[in-house]
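Residue numbers (my numbering), protein chains in the order written: chain A, 22 to 185; chain B, 22 to 185; chain C, 22 to 185; chain D, 22 to 185.
Be a bit skeptical, because a hint or two may be false.
When chains are identical, the list treats them as one kind, so a pair holds in a single copy or across two.
In silico SDA-like links for lysine to any residue, alpha-carbon gap of 25 Å or less [claimed, not checked]:
#1 K173 <-> S91
#2 K173 <-> L62
#3 K121 <-> A69
#4 K173 <-> E53
#5 K173 <-> D63
#6 K173 <-> G42
#7 K173 <-> F45
#8 K173 <-> A83
#9 K43 <-> K121
#10 K173 <-> R93
#11 K173 <-> A116
#12 K173 <-> L57
#13 K43 <-> E53
Read the hints as simulated data drawn from the structure, not as lab findings.
Everything numeric in this text was worked out from a predicted model, so none of it was measured.
Protein chains: 4
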Amino acid sequence: MQIRILVTGGTFDKEYDELTGKLFFRDTHVEEMLRLGRARLDLSIETAMMIDSLDMDDAGRARIVAGCRSARERAVVVTHGTDTMVETARALATAALQDKTIVLTGAMVPYAFGSSDGLFNLGSALSFAQVLPPGVYIAMNGRHFAWDQVRKNRETGVFEPVEP
Amino acid sequence: MQIRILVTGGTFDKEYDELTGKLFFRDTHVEEMLRLGRARLDLSIETAMMIDSLDMDDAGRARIVAGCRSARERAVVVTHGTDTMVETARALATAALQDKTIVLTGAMVPYAFGSSDGLFNLGSALSFAQVLPPGVYIAMNGRHFAWDQVRKNRETGVFEPVEP
Amino acid sequence: MQIRILVTGGTFDKEYDELTGKLFFRDTHVEEMLRLGRARLDLSIETAMMIDSLDMDDAGRARIVAGCRSARERAVVVTHGTDTMVETARALATAALQDKTIVLTGAMVPYAFGSSDGLFNLGSALSFAQVLPPGVYIAMNGRHFAWDQVRKNRETGVFEPVEP
Amino acid sequence: MQIRILVTGGTFDKEYDELTGKLFFRDTHVEEMLRLGRARLDLSIETAMMIDSLDMDDAGRARIVAGCRSARERAVVVTHGTDTMVETARALATAALQDKTIVLTGAMVPYAFGSSDGLFNLGSALSFAQVLPPGVYIAMNGRHFAWDQVRKNRETGVFEPVEP
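Whenever a hint applies, use it, and build me the whole structure from the sequences.
Put into C-alpha cells, the structure is as follows:
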C-alpha cells in the first residue's frame with residue numbers, strides 16, 4: 022500500500038537557532054523519524070510548506086487540498102501544527118476528495134528536542150491511514166477522530182471529542 | 022475504547038547496567054512512553070513477565086494466552102521481543118480468542134537508548150488495535166501483518182510478508 | 022574541595038512550553054546534569070535568579086557579586102546566559118573577590134533539548150574551578166579565558182580570545 | 022594549546038547491535054561529542070584501539086605508552102574503559118613521560134545511549150589536561166586524581182581517592 026506524506030511544518034519540525042535563541046524551520050525531520058521507526062512502507066514525502074500553523078491561511082489550505090487531490094496514493098498523512106489542524110481538516114473534508122483516507126497529525130513538542138510525541142504520533146497516523154475507510158481524520162494522543170468530531174483543548178493541549 | 026497492554030519484556034524494555042556492562046530488565050518503560058506520546062487512551066497495563074523473547078517457552082506463551090483471554094478489553098497490545106514474536110502470535114491464534122483484536126509489537130533498540138523504534142511502534146500498535154477486526158496481528162516497521170503471513174528476516178531485522 | 026554553583030538561568034536552563042510554543046524557565050537542570058555526569062564533588066547549589074542574560078541588569082549583577090562574595094567556598098561556578106556573560110565576568114572582577122576562583126559557563130542550546138553543549142561545559146567549568154588560581158574566568162568551547170581576554174563572537178556563537 | 026586525544030575504546034564508545042542484541046565497537050564517538058560540546062580546541066584525535074578495557078593487556082598498554090610518548094603535544098587525553106583505567110595509568114606513570122600531562126577518562130554508560138556521563142567527563146578531562154602540571158591523572162566523577170591515589174569502587178562505579 023502506498024502512502025503520501027504531505028509535510029506542512031508545525032511544531033513537529035521546529036528547531037532551535039542557537040545564535041538567535043529562537044525557534045525556526047529548516048528541513049523536515051520526517052525522513053529521520055521514519056528511519057528511527059524502521060518504517061518499511063511504500064512512502065512518498067512531499068514538503069508543501071514549512072510554517073507555524075498559526076500562520077496557515079486560506080491560500081495555504083488550498084495548497085494542502087491541491088496536494089492531497091493530486092496525490093496518486095489513496096492514503097495521505099498530513100503533518101501540521103496543532104493550533105489550526107482542525108480548520109485544515111475541515112477544508113480537506115469540504116473539498117470532498119472522496120476515495121482518499123487523509124490523516125492529519127502533529128506534535129506538541131518539536132521532534133528535535135528529544136522528548137517529543139512526534140514519533141508516537143507519526144507511527145499512529147501512518148497506521149490509521151492504512152486501515153481507516155476514506156474520509157478526513159485527525160490522529161493525536163493515540164486516538165483518531167473524524168474531522169468534525171474533534172477540537173484541541175488549548176488549556177491542556179489535548180485533542181478531545183466533540184459532537185459533530 | 023478500552024485497550025489492555027500486556028508487557029512481556031523484549032528489547033523494548035532492556036536497560037544498561039552500568040556496573041556490569043550488561044543489558045538487563047528492571048521495570049517496563051511503557052508508562053513513560055505513553056506519557057511521552059501524550060496518549061489519552063483508556064488503557065490498563067499488565068506486566069506478565071520481563072524476559073528476552075529468546076527465553077520465551079511454552080509456559081510463558083500459555084501465560085500470555087491466559088492474559089489475553091482473561092482481559093475484559095476487546096483490544097490487546099502485547100509488547101514482546103522480536104526474535105520469537107511470530108511464535109507467540111501463532112500460539113495466540115491457535116487459542117482462538119475469537120472476538121479479540123490482539124496486536125504484538127516490539128523494538129529493535131531498547132527505548133532507554135534514545136534512538137529506539139519503540140515509540141513509533143507503540144503508536145502504531147495501539148492504533149491498529151483500535152481499528153483492525155478481531156484476529157492476531159504483528160505491528161512492526163509501520164505495517165501490520167496477519168499472524169500467519171509474516172516472518173522476521175534475521176539478516177535485516179525487518180518483518181516481511183510471507184505466504185500463509 | 023568545596024565548590025559553590027550559582028545558577029542564574031540562561032539558555033542552559035530554558036525549556037519548551039508545549040501549550041504556548043515559547044521558551045521559558047522553570048527549575049534549573051543543574052542537579053539533573055550533575056547526576057548524569059556522576060559528579061562526586063562537594064557541591065552546594067544556589068539559584069540566584071532564572072533569567073535570560075539579555076535581561077541581566079546592574080541589580081542582577083550586584084546579586085551575583087554578593088552571592089560569590091558570601092560563598093564560603095573558594096571555588097564558584099556561575100551558570101549564565103552567553104550573551105552578557107562577559108559583562109557579568111567584568112562586574113565580578115571589578116568586585117575584587119580576591120581569594121576566589123570564579124568560573125562562568127553557559128550553553129548555546131538548552132540542556133532539555135537533547136543536543137546541548139551544557140553537560141560538556143559544566144564538566145569543563147567544574148574542572149577549571151578546581152585547579153585555576155584565584156581570578157574570574159569564562160569556560161566555554163572547552164577553553165578557559167581570563168575575564169578581560171574574551172568576547173563572544175555573535176556571528177559564530179563561539180567565545181574568542183581578545184587582547185585585554 | 023595543542024591536545025592529543027588517544028582513543029582506546031571502553032564503554033564510552035560502545036554501541037548496540039540491533040541484529041544480535043549485543044554491545045560492540047564501531048567508530049569512536051569522540052568527534053561527535055566534541056561537535057556537540059562546541060569544542061574549539063587545537064586537537065588531534067588518534068584511535069589506538071577499540072576494545073573493552075577488560076581485554077586490555079600488556080601489549081595494548083605498551084601501544085598506549087608509545088602513543089603518548091610519540092605525541093608531539095604536551096597534553097594528552099586518553100579515553101579508556103573504567104575497569105582497568107588505573108592499571109593503564111600506572112603503566113603510563115612507569116614509562117616516565119616527563120614533560121607530559123596525561124589525563125585518562127571514560128564513561129559508565131555508552132555515549133550512544135543518551136544518558137551517558139561521557140560528555141561531562143570529556144569536558145572535564147580536556148579542561149584538566151590544559152591546566153594540570155605534567156603527570157598522569159584520572160578524571161572521573163568531575164574530579165581528578167593522581168594515578169597512584171585512586172581506585173574504582175566496583176560496588177558503586179565511583180572513582181575514589183586512596184593513599185598512594
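Evaluated hints:
| no. | hint | verdict |
| --- | --- | --- |
| 1 | K173 <-> S91 | neither (28 Å within a copy, 36 Å between copies) |
| 2 | K173 <-> L62 | between (29 Å within a copy, 16 Å between copies) |
| 3 | K121 <-> A69 | within (18 Å within a copy, 40 Å between copies) |
| 4 | K173 <-> E53 | between (27 Å within a copy, 23 Å between copies) |
| 5 | K173 <-> D63 | between (31 Å within a copy, 19 Å between copies) |
| 6 | K173 <-> G42 | between (28 Å within a copy, 15 Å between copies) |
| 7 | K173 <-> F45 | both (23 Å within a copy, 22 Å between copies) |
| 8 | K173 <-> A83 | within (22 Å within a copy, 43 Å between copies) |
| 9 | K43 <-> K121 | neither (37 Å within a copy, 35 Å between copies) |
| 10 | K173 <-> R93 | neither (30 Å within a copy, 30 Å between copies) |
| 11 | K173 <-> A116 | within (22 Å within a copy, 41 Å between copies) |
| 12 | K173 <-> L57 | between (28 Å within a copy, 18 Å between copies) |
| 13 | K43 <-> E53 | both (22 Å within a copy, 24 Å between copies) |
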